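Q: Below are the chains, spelled out letter by letter.
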Amino acid sequence: MFQFKLVLLGDSSVGKSSIVHRFVKDSFDDFRESTIGAAFLSQTIKIRDTSSDSTEDTVIKFEIWDTAGQERYKSLAPMYYRNANAALVVYDITQQDSLSKAQNWVNELKNKVGDEDLIICLLGNKLDLCDSSDNGDKRAVMTDEAKVYAEEQDLLFYEVSAKTGQGVKDVFQSIGEKLYQIKKEEMLSKKGRQAASAKDSVNVKLQRPSTNDPTSCCY
Amino acid sequence: MSVDILRTTEGIEQHKPLMNEGIGVAAEQTESTKVARNSGPRKSPSAPNFHEKTYAGHSMSEPTLLRNCNGDNLLNLGDNLSFNDRDANLSVINLYDDEVISRQMDDFEDNNDEDSQQNVDSDEGNTPTMSMLQNNCNGSETEHLDRYGFKKQNNFITVEEYNKWWKDYSQYCIRRKHKWKLLLAKSGLPMDNDSPNRFPSRSEKLKRYVRKGIPAEWRGNAWWYFARGQEKLTKNKGLYDKLLQKMDDLLKKKKKKKPMQDLDIIERDLNRTFPDNIHFQRETFQLDEPPMIKSLRRVLVAFSLYNPKIGYCQSMNFLAGLLLLFMDEEKAFWMLVIITSRYLPGVHNVNLEGVNVDQGVLMLCVKEYLPEIWPFIAPLHKRSPINLGNSKYNFGKNEFLYRLPPITLCTASWFMSCFVGVLPIETTLRVWDCLFYEESHFLFKASLAILKLSEQTLLKNRPQRVLRHYSLSNGNYHSKDLRINQDESEMEVFQVIQSFPKHLINPNDIFDKVIFKKRVALNRLDQDEIDRCRKYVTTQRQRYKNYNEIVGSNLHHDDDEINDSNAQKNDLLSNGPQDYGSINNENNEEQISGAASDMKVNSNNRIGNDLVNNALSSEVYGFKKSLSGVHWNNSIKEKVRQMRKKRGKDDDVLL
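From first to last, the protein sequence lines are chains A and B. Just so you know, UniProt numbering puts 130 at position 130 of the first sequence, and the rest follows in order with no gaps. Just so you know, UniProt numbering puts 305 at position 305 of the second sequence, and the rest follows in order with no gaps.
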């Protein structure tokens, strides 16, 4: 089993906690209490490695840090994103301002984490409020605007709805696959060496019995 | 957003005329809060009635409110009435369930206690309206709610668990209330229709009574009394209304412009405050938002105008929200002022330094009083080197005061919201009872008690961590393995500490198992100790920060740094806004910036203090009563004590 640390960042009330709860508990509340400080949750997913001969799925465990959105909590953020493997930077597609806040987060991550393997995913939430066939379309951030930015910055990009669940699982699935890919390449390049000396930024559960250790025999 | 703003303005206009009526009464009758309450204008309209015995007065104020606010439609009227119905269900008659009430009668009759008998009678005499309403409204609608309107069930506790516990605890509450009544009678204090607003003078006995729980329907009054709220209100007559006026003006002016950031964030948090509480919910058929939400908005916005240095900080919504369940708006406002200045100084400030300081203090306390828990929390090794070059300061052992362990991300919220949303409601309220009677050290005591109680769960989840801590401290480890392992076990500990308090449904678990146990070391902790710890940690963090800045930027303006640090420290330690507010000045912002510059002037006089504090900053903080493991030079200690005494006098002169 692989373990990856993932952190959610973004402006207040864009839906960070709702996304996590949709992913971890598959539930949604219209009004969720404001997050104070931080919350920690975990969830596992399965990855099918198409390139390998193994027919068994690989299990990935996400350790998720959900954070408070208000500006003043920003000073605590380095504690969350320290050693993170992936960051979900969330904005609210009905609030233009939340995109610029998300962009600030992307800059901060790039400046302060300085880890090229850190996967940053830009995530537009509240897609359920943007039904173009309906008069009630509240969209304020055009998909293209965010998409162009994400491409420039080399970020993953999705629009999701925590309320309906649309797209949420896919986000975590594709992040998981990408992290697995990075991990695998890393292990291949360090073939023969002990996995424990693999790159710092990746967490591998090391103290498992070696029979469960995917690094012990497969390569 | 514009829609929200519009609503805000409506809210104010609706309440304005009433407020103005109310001020005269409140201002003239400073001593008798009772009169102010009965005239009822500022009462949060949907506040539950377990603390509001004079329901007649309450329901009279309600129609007035309706007449004033909207002659426009009947639907709205209906909505508001439906709130009354609900209130009735949560009201005092239902406080301990009917079945329990009858037992209460038996109990009191057995005791043949005149005083309590009277009160039971008067309870009933006072609430015919309520019992009527209750009959109209079938209990099934609200049986999933507790007596404050919160859902009994949540992710951590089932309805069955709740009911099972409540059956006993409600009996306990009745017994305690009976004792309180006797105590009041003995002290010659009036019961005032089961809403006493004066309490016995401080004593060990009263402290024990408070710790065993203040009767729910007295809590608003008791908190107000113990926190000396009336003093504050009397000093600042009319200020709350001025702030509301200012808010009104501001919203009118800003309607078309971009709203202020604080107001915007307040707006987003209103519906995210107790979404599980019926008083904060808007039913789908309601056009207007619940009165409680309007009150919450006014309290929070007024506060952000009153103290721009704090403005609005997420978590204050929960503080204000809980206060509003127990007292009227103006009182809730002043209690919020008192909490954020006296009990939690600096905790909600823009830089959150106060909360970091308190987490440092908590970590020191854990290390001192819960050495068995410390290994779960302590950093296993020093992180990247801080002491670059020739290190003047050796921060080694105190590094955790600056680089706080991850668990503090969790415990920070315990302090910011004073356990609201962290502990189940009845347990939270018991902590609040003690907080207002015993001051802020009780928050630390409660935190330590929770950590102590979590020990078994920690051990179950992570027995090897403790072992590893000791074996690794011998220096025999591979650093990369270690960091990975450390991260992982930190997460596991975090998860335990995060969810453990949510299961503490029975307040007596904390009190009987820890707080009342005389032999438990952490009960030696007192306010003086916490005050000293706070000063120590503040200074340590500042030294560390200064040092990093100096080393980081290769600048050596030591004097400037010290001045800065003093300014910031004073900023943090002074009960600033509390004092500013007492000057009855119209322009609050000017007032505050003025006071801030005064403070800087003062800080120059205090450079000497920094030297004192540096001398005080021994490598390890010395807890007063337990000196085991403390390296403390007694001659320095004595010297420092004298210097502090002198400084204390100087400060008095200065202030």
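Hint data in this document are derived by calculation from the structure and do not stem from the laboratory. Hints should not be assumed to be uniformly reliable.
DSSO-like cross-link-like pairs, simulated, lysine-lysine; straight-line CA separation at most 27 Å [as the list claims (entries may be wrong)]: (1) B/Lys517 / B/Lys460; (2) B/Lys513 / A/Lys74; (3) B/Lys535 / B/Lys460; (4) A/Lys101 / A/Lys112; (5) B/Lys502 / A/Lys61; (6) B/Lys624 / A/Lys25; (7) A/Lys163 / A/Lys191; (8) A/Lys190 / A/Lys61; (9) B/Lys253 / B/Lys237; (10) A/Lys74 / B/Lys517; (11) B/Lys167 / A/Lys25; (12) A/Lys178 / A/Lys25; (13) A/Lys46 / A/Lys138; (14) A/Lys101 / B/Lys513; (15) A/Lys169 / A/Lys191; (16) B/Lys179 / B/Lys246; (17) B/Lys252 / A/Lys138; (18) A/Lys74 / B/Lys205; (19) B/Lys545 / B/Lys207; (20) A/Lys101 / A/Lys169; (21) B/Lys167 / B/Lys502; (22) A/Lys74 / A/Lys46; (23) B/Lys513 / B/Lys164; (24) A/Lys138 / B/Lys164; (25) B/Lys179 / B/Lys513; (26) B/Lys246 / B/Lys207; (27) B/Lys309 / B/Lys535; (28) A/Lys101 / B/Lys207; (29) B/Lys164 / A/Lys110; (30) B/Lys545 / A/Lys112; (31) B/Lys151 / A/Lys163; (32) B/Lys535 / B/Lys205; (33) B/Lys502 / B/Lys517; (34) B/Lys186 / B/Lys164; (35) A/Lys163 / B/Lys535; (36) A/Lys61 / B/Lys545; (37) B/Lys309 / A/Lys74; (38) B/Lys518 / B/Lys309; (39) A/Lys110 / A/Lys25; (40) B/Lys545 / A/Lys25.
These numbers were taken from a predicted model, which means no experiment stands behind them.
Q: Could you run down the list of hints and mark each one as holding or not?
A: Here's how the hints hold up against the structure:
no. : hint                : result
1   : B/Lys517 / B/Lys460 : 24 Å, holds
2   : B/Lys513 / A/Lys74  : 37 Å, violated
3   : B/Lys535 / B/Lys460 : 36 Å, violated
4   : A/Lys101 / A/Lys112 : 16 Å, holds
5   : B/Lys502 / A/Lys61  : 24 Å, holds
6   : B/Lys624 / A/Lys25  : 47 Å, violated
7   : A/Lys163 / A/Lys191 : 44 Å, violated
8   : A/Lys190 / A/Lys61  : 23 Å, holds
9   : B/Lys253 / B/Lys237 : 26 Å, holds
10  : A/Lys74 / B/Lys517  : 40 Å, violated
11  : B/Lys167 / A/Lys25  : 31 Å, violated
12  : A/Lys178 / A/Lys25  : 23 Å, holds
13  : A/Lys46 / A/Lys138  : 35 Å, violated
14  : A/Lys101 / B/Lys513 : 46 Å, violated
15  : A/Lys169 / A/Lys191 : 32 Å, violated
16  : B/Lys179 / B/Lys246 : 45 Å, violated
17  : B/Lys252 / A/Lys138 : 25 Å, holds
18  : A/Lys74 / B/Lys205  : 45 Å, violated
19  : B/Lys545 / B/Lys207 : 40 Å, violated
20  : A/Lys101 / A/Lys169 : 24 Å, holds
21  : B/Lys167 / B/Lys502 : 19 Å, holds
22  : A/Lys74 / A/Lys46   : 33 Å, violated
23  : B/Lys513 / B/Lys164 : 20 Å, holds
24  : A/Lys138 / B/Lys164 : 46 Å, violated
25  : B/Lys179 / B/Lys513 : 22 Å, holds
26  : B/Lys246 / B/Lys207 : 40 Å, violated
27  : B/Lys309 / B/Lys535 : 20 Å, holds
28  : A/Lys101 / B/Lys207 : 48 Å, violated
29  : B/Lys164 / A/Lys110 : 52 Å, violated
30  : B/Lys545 / A/Lys112 : 18 Å, holds
31  : B/Lys151 / A/Lys163 : 22 Å, holds
32  : B/Lys535 / B/Lys205 : 31 Å, violated
33  : B/Lys502 / B/Lys517 : 22 Å, holds
34  : B/Lys186 / B/Lys164 : 34 Å, violated
35  : A/Lys163 / B/Lys535 : 46 Å, violated
36  : A/Lys61 / B/Lys545  : 36 Å, violated
37  : B/Lys309 / A/Lys74  : 17 Å, holds
38  : B/Lys518 / B/Lys309 : 41 Å, violated
39  : A/Lys110 / A/Lys25  : 31 Å, violated
40  : B/Lys545 / A/Lys25  : 41 Å, violated
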